[in-house]
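Protein sequences, first through last, are from chains A and B.
For what it's worth, this note's numbering labels the leading residue of the first sequence as 1, then goes sequentially.
For what it's worth, this note's numbering labels the leading residue of the second sequence as 1, then goes sequentially.
None of these hints come from the bench; they were simulated from the model.
It should be emphasised that the depicted structure is a prediction, and the values quoted were computed from it without experimental measurement.
Glycine residues also receive a C-beta, built at the ideal position from the N, C-alpha and C atoms.
Just to be clear, a hint being listed does not mean it is correct.
[Stated by the list, open to error] Which chain A residues stay away from chain B? Per the calculated CB distances, all over 10 Å, these:
(1) P38
(2) V59
(3) S178
(4) S287
(5) T411
(6) N448
(7) M449
(8) C451
(9) T455
(10) E462
(11) K466
(12) V467
(13) P470
(14) L471
[Stated by the list, open to error] Computed list of lysine-lysine pairs in DSS-like fashion (alpha-carbon distance at most 27 Å, straight line):
(15) B:K26 to A:K465
(16) A:K466 to B:K120
(17) B:K120 to B:K4
(18) B:K108 to A:K465
(19) B:K152 to A:K465
(20) B:K108 to B:K120
(21) B:K182 to A:K465
(22) B:K26 to A:K466
(23) B:K4 to A:K465
(24) A:K466 to B:K182
(25) A:K367 to B:K182
(26) B:K104 to B:K120
(27) B:K26 to B:K108
(28) A:K367 to A:K465
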Amino acid sequence: MKQYGLQNLFNGWTIFTVITALIIASPVFIVVSYVFVPTGEIWSHLADTVLGNYIYNSVLLLIGVGTGTLVVGTGCAWIVTMCRFPGQKVFEWALLLPLAVPAYVIAYTYTGLTDFAGPIQTVLREIFGWTSRRDYWFPEIRSVWGAMTMFTLVLYPYVYMLSRAAFLEQSICVLEVSRTLGRTPWQAFKDVAFPLARPAIAAGSALALMETLNDFGTVHFFAVDTFTTGIYRTWFGMGEPAAAAQLGACLLIFIVSLIALERYSRGKAAYHHTTVRYRALSKLEMSLPKQVICILVCFFPVLLGFLLPAGILLNWAFQTTEWWMNLQFVEFAFNSFILACVAALLAVFLAVLMAYGARLRPSIFTKFGVRAASIGYAVPGSVLAVGIMLPFAWTDNLVDSWAREHLGFSTGLLLSGTIVAVVFAYIVRFLSVSFNGIEAGLGKITQNMDCASRTLGHNPSETLKKVHLPLIRASMFSAGILVFVDVIKELPATMIMRPFNFTTLAVRTFELASDEQLAEASSAALAMVLVGIIPVIMISRTIAKSRPGQEN
Amino acid sequence: MVLKLEDIRLSFDGFCVLDNLSLHVKAGEFVCLLGPSGCGKTSTLRVCAGLESPLSGRVMLGDKIVTDGTKVLPPEKRHIGFLFQDFALFPHLNIFQNVAFGLKGYSKPDTEHRVLEVLKQVRMDKYASALPHTLSGGQQQRVALARALAPKPGIMLLDEPFSGLDSGLRADIRDETLHVLKSTNVAAVMVTHDPEEAMFMADRIVLMKGGSIIQDGAPHELYTNPIDHFAASFFGEINIIKGIIKESTAQTILGNVKTSGFKEGEIVDVLIRPENVIVRPRSDVDQHFHTTKIEAARYLGRDSLLHLCVEDETGACTHLHARIDSQLKPIVDQNIVATMDPARAFVFRAC
Chain A
1 MKQYGLQNLF NGWTIFTVIT ALIIASPVFI VVSYVFVPTG EIWSHLADTV LGNYIYNSVL
61 LLIGVGTGTL VVGTGCAWIV TMCRFPGQKV FEWALLLPLA VPAYVIAYTY TGLTDFAGPI
121 QTVLREIFGW TSRRDYWFPE IRSVWGAMTM FTLVLYPYVY MLSRAAFLEQ SICVLEVSRT
181 LGRTPWQAFK DVAFPLARPA IAAGSALALM ETLNDFGTVH FFAVDTFTTG IYRTWFGMGE
241 PAAAAQLGAC LLIFIVSLIA LERYSRGKAA YHHTTVRYRA LSKLEMSLPK QVICILVCFF
301 PVLLGFLLPA GILLNWAFQT TEWWMNLQFV EFAFNSFILA CVAALLAVFL AVLMAYGARL
361 RPSIFTKFGV RAASIGYAVP GSVLAVGIML PFAWTDNLVD SWAREHLGFS TGLLLSGTIV
421 AVVFAYIVRF LSVSFNGIEA GLGKITQNMD CASRTLGHNP SETLKKVHLP LIRASMFSAG
481 ILVFVDVIKE LPATMIMRPF NFTTLAVRTF ELASDEQLAE ASSAALAMVL VGIIPVIMIS
541 RTIAKSRPGQ EN
Chain B
1 MVLKLEDIRL SFDGFCVLDN LSLHVKAGEF VCLLGPSGCG KTSTLRVCAG LESPLSGRVM
61 LGDKIVTDGT KVLPPEKRHI GFLFQDFALF PHLNIFQNVA FGLKGYSKPD TEHRVLEVLK
121 QVRMDKYASA LPHTLSGGQQ QRVALARALA PKPGIMLLDE PFSGLDSGLR ADIRDETLHV
181 LKSTNVAAVM VTHDPEEAMF MADRIVLMKG GSIIQDGAPH ELYTNPIDHF AASFFGEINI
241 IKGIIKESTA QTILGNVKTS GFKEGEIVDV LIRPENVIVR PRSDVDQHFH TTKIEAARYL
301 GRDSLLHLCV EDETGACTHL HARIDSQLKP IVDQNIVATM DPARAFVFRA C
């Protein structure tokens, strides 16, 4: 009777899923648990001096970026979806391009462009004959307002992407009905399309705001004090990991309220269309001046968010060939590549096993496990770094002192400060990216496929190997690519956790830019932008296919 | 005995799906589980396959206990064939590979021999290298049948195997499937909600409702001798008229039916199928029959449907349906006489 018991609540798959999920979620729990560790003086010192500033800057950034991405993202999505003007097809995907530019990279390029020695101010001085800084006023890009602009320019595609998908899914019937009931196109947008798309827009804004809170490179470079820079400084500058963890917990409160806000704004507003009839959207015909306005409105975000920074980077890269035509640069690129490959493979591997485990036995445990494992995506890299480094360092010390006492030699650092820690951080942060893709892929395979394979004599593992894996190859590939690109661009966790003297493209960019060597940093930044274009292409293809009843 | 279910109880989220269900299937027998949707027939099949784990009860395949309460032998170790409503062919494998999927432990020449053998049986051997999506629904169904039969299962389980096919094709495929299964002499349990399909396929029909078996017997038994209102009405439209018991006879507006087991004066329901209502023009000898009018007549091809109004003593109208040979041309408002074939009427306690 040994073969019995497979159908019980816990089998190998469930246990694997739940345990993996708990390990993935553990850094978050550790950070939260530090709330209860007394840090005495340090915390009250932080609270008295910088905490207010962190909160003020973070809230200001959230409001600014939220408004900015909402206006730019939703506006462009509506124009591109509903209006007919030359180049509209191109803008459909071009508006996604800024997604390829990491926020800290765009910050460096705009600083290079607009600082005192930069081309804009130089030209202005030459035209007006100014000689020194005191002769004129010029907006300071390295400020909280500058950071807001930078974030808006690269993060609006999240809102654009999701609201456009929502507009595309809306039945044209609803819009036409609102027109026949006497609404102008603008009123139809305001009263019908926008409210219907609200859940999607809220989700897009939430993504953009989480990226804002996650950012380290931009705010550090602009000297805008937020939680991420505070965590970094408290740990490395003051040597206070516990206080750093508590700052991380504060930041988590922001994240949690963001998620709550998004859920609330979505609320019961999961609208369903009562019609199943879809027709290709008939776009609004417009007068010439209006067409020009449409083109300009769509062109500006692409110009400022992608063309200009990419152009500057390209220009700089040509001026500084000696900085990238060498073996050292190849080594940085190779480091990035290897890290991203390992993380992507692991993330896909774990996601397949977890998603399959949850599919085999959909219970409260697996559901909870999957939820827990996906919170990492919402948690900023710097907070994760703290949550991982603390237990890893503790384990290392324990093993080391045990080895020295009983074996007579030092084991050194086994986990912390090694590639293991960095890869683990990537997995925690990006597992949900691969998981979502793979779960969607598995969802397209009917349960009867599983049953057919099982009744034909194959156990769950054989079924996974012979039926599911061949069928979800495409999902696995795209999930892997998404993780790969995210890892290439990731900065804060890599910065904090990388082994000594181990440099990736992201870290290289950050280091050179911090030394004000902006032009020299361009090659590494450009490489990341180029890699970042891959998922943009993938996403724009997926959206194009998403509209029911539309051929292309 | 090939398959035996004993006192199976199954529930989903506290909602009872199967209530102490017992079922036996003999070797070579073709049993249909018939019932409305949600009656638990598919769940019964999934319990047999080991895809569901019941709260209690036992399942035996041959002389082996495969389910004992929550202890369930996984489906891959049961040696059963399962035919799905959506066929569930593996889209990434060609027809040959699909059929060979269940042939574990066969040598390469044995596999090839067996696959071609079953494909020939369902007349699909020419398509061995085709991919499933290039086949029509009927062809996919035949391949699915071949795939399920290839490992020579001890029993075949069929879950609404024809409902995915369009109606023209369904009759042909149904016929073919029956012949293939009968020629392999494998016992089979099929789930369907279509009584005509059940009667066409089954040696025995098990009628289910609300997780229990209502009636179990040969098709003609269920049709001609239903156990209650539900069983009688499930096999087709039926007229329900009131009757009153006098001297072991139910007296109705359509005539009297001999019966037993009811109290004198009890009000009963008398059920009569439309084809067993007899209609003829009124003549002089029919004085004692109730006044009956044809309200509407509809020509349906094989027969015609009459909407009748039978007036009782108080002048109240009882609406009835009758089916008559379509050659006879009924005239609306014609004064006629309606009676019934008492041997084909069923008398049940009023509900």
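Going through the hints against the structure:
Against chain B, the non-interface label of P38 (chain A) holds: every CB pair exceeds 10 Å, the least being about 46 Å. Distance check for V59 (chain A) against chain B: the nearest CB is about 44 Å away, which clears 10 Å, and the non-interface claim stands. S178 (chain A), annotated as away from the interface, keeps every beta carbon of chain B farther than 10 Å; the closest lies near 38 Å. No beta-carbon of chain B comes within 10 Å of the beta-carbon of S287 (chain A); the shortest separation is about 48 Å.
Look at T411 (chain A): its CB is around 44 Å from the nearest CB on chain B, clear of 10 Å, so calling it non-interface holds up. A cut-off of 10 Å between C-beta atoms contradicts the statement that N448 (chain A) is not in contact with chain B; the least separation is 4 Å. At roughly 5 Å, the least C-beta separation between M449 (chain A) and chain B is not larger than 10 Å, which violates its mark as non-interface. Not every C-beta of chain B lies more than 10 Å from that of C451 (chain A), the closest at about 6 Å, which undercuts listing it as non-interface.
With a minimum CB-CB distance of about 4 Å to chain B, T455 (chain A) fails to clear the 10 Å threshold, and the non-interface call is violated. With a least CB separation of 8 Å from chain B, E462 (chain A) falls inside the 10 Å interface cut-off, contrary to its annotation. Interface exclusion of K466 (chain A) from chain B breaks down, the closest Cβ pair being 8 Å apart, not more than 10 Å. Under the 10 Å C-beta cut-off, the non-interface status given to V467 (chain A) relative to chain B is violated; the minimum distance is some 6 Å.
At the 10 Å boundary, the C-beta of P470 (chain A) falls inside the reach of chain B, the nearest C-beta of that chain being 5 Å off. Non-interface status of L471 (chain A) relative to chain B is broken: a Cβ of that chain comes within 10 Å, the nearest being about 6 Å off. Distance check on the hinted pair: K26 (chain B) and K465 (chain A) sit about 36 Å apart at the alpha-carbon level, beyond 27 Å; violated. About 25 Å separates the Cα atoms of K466 (chain A) and K120 (chain B), which keeps this hinted pair within 27 Å; it holds.
Taking the CA atoms of K120 (chain B) and K4 (chain B), the gap is near 32 Å; set against the 27 Å cutoff, the hint is violated. Between the alpha carbons of K108 (chain B) and K465 (chain A) the distance comes to roughly 20 Å, so the proposed pair stays at or under 27 Å and holds. As the CA atoms of K152 (chain B) and K465 (chain A) are separated by approximately 24 Å, the hinted pair is consistent with the 27 Å bound. For the hint pairing K108 (chain B) with K120 (chain B), the CA-to-CA distance comes to about 18 Å; that is within 27 Å, so the pair holds.
At most 27 Å may separate the alpha-carbon atoms for a hinted pair to count; K182 (chain B) and K465 (chain A) exceed this at roughly 35 Å. Proposed proximity of K26 (chain B) and K466 (chain A) is contradicted: the alpha carbons are some 34 Å apart, above 27 Å. Between the alpha carbons of K4 (chain B) and K465 (chain A) the distance comes to roughly 33 Å, so the proposed pair goes past 27 Å and is violated. For the given pair, K466 (chain A) sits about 32 Å from K182 (chain B) by alpha-carbon distance, which is inconsistent with the 27 Å threshold.
Simply put, K367 (chain A) and K182 (chain B) have alpha-carbon atoms about 45 Å apart, too far for the 27 Å limit, and the pair is violated. A hinted pair counts as satisfied when its Cα atoms are at most 27 Å apart, and K104 (chain B) with K120 (chain B) qualifies at roughly 20 Å. A C-alpha spacing of about 34 Å is found between K26 (chain B) and K108 (chain B), which places the hinted pair above 27 Å, so the restraint is violated. The hinted pair formed by K367 (chain A) and K465 (chain A) meets the criterion: a straight-line CA distance of about 23 Å does not exceed 27 Å.
Going down the numbered hints, you'll see the structure goes against 6, 7, 8, 9, 10, 11, 12, 13, 14, 15, 17, 21, 22, 23, 24, 25 and 27, while the others check out.
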